[in-house]
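Asks: Listed below, chain by chain, are the residues.
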Amino acid sequence: MNYIVATYALYLAISVALTIWVARTLHKNGRLFLVDAFHGNEALADSINHLLVVGFYLMNIGYVSLALKYGDKAADLAGLLEALSTKVGAVLLILGGMHFFNLYVFSKMRRRALLQGAPPPLPPQAYTPVVE
Amino acid sequence: MKKLYVLYDSECELCRRSRLWLDRQPAYVRLAFLPFQSPEAECRFPGLRELRPEKEIVVISDAGAVWQGGAAWVMCLWALREYREWSLRLAHPALLSLARRLCEVVSANRYKISHWLKKAANHEELRRKLDLFPAARCEEGGHCRTY
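Read top to bottom, the protein sequences are chains A and B. Going letter by letter, the first sequence gives residues 1 to 132 in our numbering. Going letter by letter, the second sequence gives residues 1001 to 1147 in our numbering.
Rather than coming from a laboratory, the hints here were simulated on the basis of the structure. Be aware that one or more of the hints could be misleading.
Unchecked claim - Derived, one-sided and incomplete: chain B residues facing chain A with beta-carbon distance under 10 Å: (1) Tyr1005; (2) Arg1044; (3) Leu1048; (4) Ser1061; (5) Trp1067; (6) Val1074; (7) Arg1081; (8) Leu1090.
Here a beta-carbon is modelled for each residue, glycine too, at the ideal position from N, C-alpha and C.
So here's chain B without its partners, still in its complex pose (with noise of 0.2 Å):
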């Protein structure tokens, strides 16, 4: 196996982030990267549609090997340098099924949880912005100059 297509959901903010931590680190196996409602994940597994791609994250090797849920994030796991022993570990059938669980939950939520991402980095955005502005200094009058 050279290439795992990771295929998510670029309209959630979770997923887009999980998407460029895993790309930063550095892997045994290639990982690529497909958002499901891509034009091009859709020329290339042409029976993605069947996989319900949209329910949970979809990990498809090379040779067209299908991996969705915690199964997929094991997958994932296992490719990466630093966490094939985890992904060795989280592949025993006791963590596993807790790892399934855990993605299923994670997964129905996803646009709630990206909800609070975006507003986290929303509320970090505007206090540096106001960090630009110098603080209102006040006059001798008792009044304070705005800028």
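Next up, chain A with everything else stripped away, as it sits in the complex (with noise of 0.2 Å):
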């Protein structure tokens, strides 16, 4: 029974912890992006940045939470490191593909952000008098 809720205890310090720290990564170097993504406007980026980290905090915690009972029931020190380790790993792993999401959809906005400023593709083939 110790060793379940050392494990629990364990889990819920360290997943959280990690989720802070990925947050406020996020939150500090994901700002630049955004300001060119929105095209300088940085009051935007900012309030769509704390959205976004608002939006994380609640999706990796409520994932925590919810997969806290899942998994091995650890008997002893070994199988609390397992369980442990197990655990750790599939928010690790969950925190890697949101991130990886969230640069996606940045850099789509980010290319579109580009391309209203994409100078024209082809050169002119030809020059012709205009009458205004």
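Can you join these two chains into the complex? Each is in its own frame, and there are hints to help.
Replies: Dropping the structure here:
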């Protein structure tokens, strides 16, 4: 029983700490990227950045709490480490997946923003006088 | 660049439909359509005849830069919000030669294609008109009364 409770406590502490670390990193380093994606509109970029971090916390902490009771129940120290490792590994994979999904969405937004200022793809074939 | 003039053939159904489609799309650069046969086109672009606009579609920027055929289509797509990404892809040399060839073939056969389009439109119109009339009802005597 003690081992199981210890697994849960460690799992919660490690997962929540990891979630906070990833969210802060994303918040700090994603800002510049978002500002570029929103044509230099810093207020909008900050707002979206904040909202994304809130969504990120909700999804990850939600998953961590839901997944608490699943997995092997530890009977000794080795079992505790195994169960803990499996659970934290799953959380890390999910965090990684979310991170890449976020990057994908951002880069898509950024590409669209860059398209707006794209120069003509082909040079003119000739010139003709225009009467306005 | 603020405006792109599209010089199209107003006597060809395909060209007219393409113009309407282009006109409906949200655009980064405004497209202005002029039939190449119109006096306004001649007046605005005094050197238009030398470009042979009757051969293939011509696109002219407000600064006088000219694109024709496949390149003109790439420029039209570039002006549109939803298709700019496609225009950049099409501008790649491998795809551009294909686009050019396709435009040449379509332009050379545009009246034939327009003829089919018109026919399809006529059939559709006829069907709609026929739907307006109620079907003939058969009388007891064995003959049908027509309206």
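Asks: Against each hint, give a clear statement of whether it holds in the structure.
Replies: We went through each hint and held it up to the structure:
Proximity of Tyr1005 (chain B) to chain A holds as hinted, the smallest CB-CB distance being about 8 Å (cut-off 10 Å). Because the smallest distance between the Cβ of Arg1044 (chain B) and any Cβ of chain A comes to about 5 Å, under 10 Å, the interface hint for this residue holds. For Leu1048 (chain B), the suggested interface contact is upheld, since its CB lies about 7 Å from the closest CB of chain A, less than 10 Å. Of the supplied interface hints, the one on Ser1061 (chain B) holds, with its beta-carbon coming within about 7 Å of a beta-carbon of chain A, less than 10 Å.
Taken as an interface hint, Trp1067 (chain B) checks out: its beta carbon lies about 6 Å from the nearest beta carbon of chain A, inside 10 Å. For the restraint placing Val1074 (chain B) at the interface with chain A, the shortest Cβ-Cβ distance is roughly 6 Å, inside the 10 Å limit, so the hint holds. Interface restraint check for Arg1081 (chain B): the shortest CB-CB distance to chain A comes to about 8 Å, inside 10 Å, so the restraint holds. Given the 10 Å rule on beta carbons, the hint for Leu1090 (chain B) holds: about 8 Å separates it from the nearest Cβ of chain A.
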